[in-house]
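Listed here are the chains, written in short residue letters.
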Amino acid sequence: MSIFEYNGSALVAMVGKNCFAIASDRRLGVQLQTIATDFQKIYRIHNKLFIGLAGLATDAQTLYQRLVFRNKLYHLREERDMKPETFASLVSAVLYEKRFGPYFCQPVIAGLGDDDKPFICTMDSIGAKELAKDFVVAGTASESLYGACESMFKPDMEAEELFETISQALISAVDRDCLSGWGGHVYLVTPTEVTERILKGRMD
Amino acid sequence: MGDSQYSFSLTTFSPSGKLVQIEHALTAVGSGQTSLGIKAVNGVVIATEKKLPSILVDETSVQKIQSLTPNIGVVYSGMGPDSRVLVRKSRKQAEQYYRLYKEPIPVTQLVRETATVMQEFTQSGGVRPFGVSLLVAGYDDKGPQLYQVDPSGSYFSWKASAMGKNVSNAKAFLEKRYTEDMELDDAVHTAILTLKEGFEGQISGKNIEIGVIDSKRIFKVLSPSEVEDYLQEVE
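Order-wise, the sequence lines are chains A and B. So in UniProt numbering, spot 70 of the first sequence is number 70, and the numbers just go up one at a time. So in UniProt numbering, spot 76 of the second sequence is number 76, and the numbers just go up one at a time.
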């Protein structure tokens, strides 16, 4: 069994019209056993920047702590928030530092950049960035997520419709993956507000 | 500076609370060729005298004003070789920042890092402080900026400043001439007039150097003929 499949995860981020949504499942497992059903995989860096970390849970937590550290220092030195593109470059550099002993994580980064333009990207465990204009996925359910997003996604969706779409895509994808599920956690971010919602799906 | 007993080790404070080596470094700066900078609403200009030791020196090979990044330039007063080392270190730091964040380094950050290097050389064993003060001119998201960095590692943001031999006259001249709404061209003219004030001999495009950065955010050192054009406008 692959180390990336030890804990199980499903992450997806989608771009809408002047907004973005990032969603994850809630299961924390140890191979076939479920340990927690409220495990947080998406973290807020600042009000317009979120990062979701799929893969090995311990690496996800440590990586998140390191990134928060870097971001706080940046904020103190430069007296401004980090742009999502800049943050993505930072994550990529941090991951590549450990090229020959990597963090077993796949990050999904979503944020609002200059002029509140939505930005999403994902990268592999050693920092190869993949930018996308529509959606990015990560985790054990990624293949199902690709299929679900590809069929359900439309460009320039408004916030409410984006929420519905990402929720449907997440739930249908995790239902096909035994290692992820137990509900969903969706963050919808517009220039003015951040909405956090819990989804109830098949609780298995 | 009667604390000569304490001037041997730069890392030792004198009883008056000074680091004597830094005072000496500032003297080295004060006897260097005059340089100045002026911040305008739409850009920054930095300029310096380029007095060469002999007419046989190929003036095209000497460049006192250098760029640290495409949008940040620097001029110095004091010891040329020391400034070369600082330029090299600053360029490396700017590139390291870019490599990490894929974003050009903000002017304040680069100035802070350069100042940190200069401070390190006032608190380490076996080294001496840099014998230069730098004037850093840049244009980034916060607009046009002008900073002075001293051998001690302290840095200040200026609207207009001068350093070197003629510093007091030049600063007095700038205080009179500077206006908040100055445009870049006016600033270049003012810079030339300020240099002319203390200039020994005939000023020309070959014995002064001018660097400008405008709202297009590209730092450029003017060629001798461009400097001549500005000189003629000033006449």
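Hints should not be assumed to be uniformly reliable.
[Unchecked claim] Here are the in silico distance ranges between beta carbons for each label pair: (1) PRO70/B / HIS75/A: 38 to 48 angstroms; (2) PHE100/A / ARG84/B: 44 to 54 angstroms; (3) ASP229/B / PRO155/A: 46 to 56 angstroms; (4) PRO70/B / ARG66/A: 25 to 35 angstroms; (5) PRO70/B / ASP114/A: 14 to 24 angstroms; (6) PRO155/A / GLU120/B: 29 to 39 angstroms; (7) GLU183/B / ASP114/A: 39 to 49 angstroms.
Quick caveat, the hints were computed from the structure, so don't treat them as lab data. Remember, it's a predicted structure, so these values are computed and weren't measured experimentally. Don't be surprised by glycine CBs; every beta carbon is placed ideally from N, CA and C.
Hints not upheld, ascending by number: Failing hints, ascending: 1, 2, 6 and 7.
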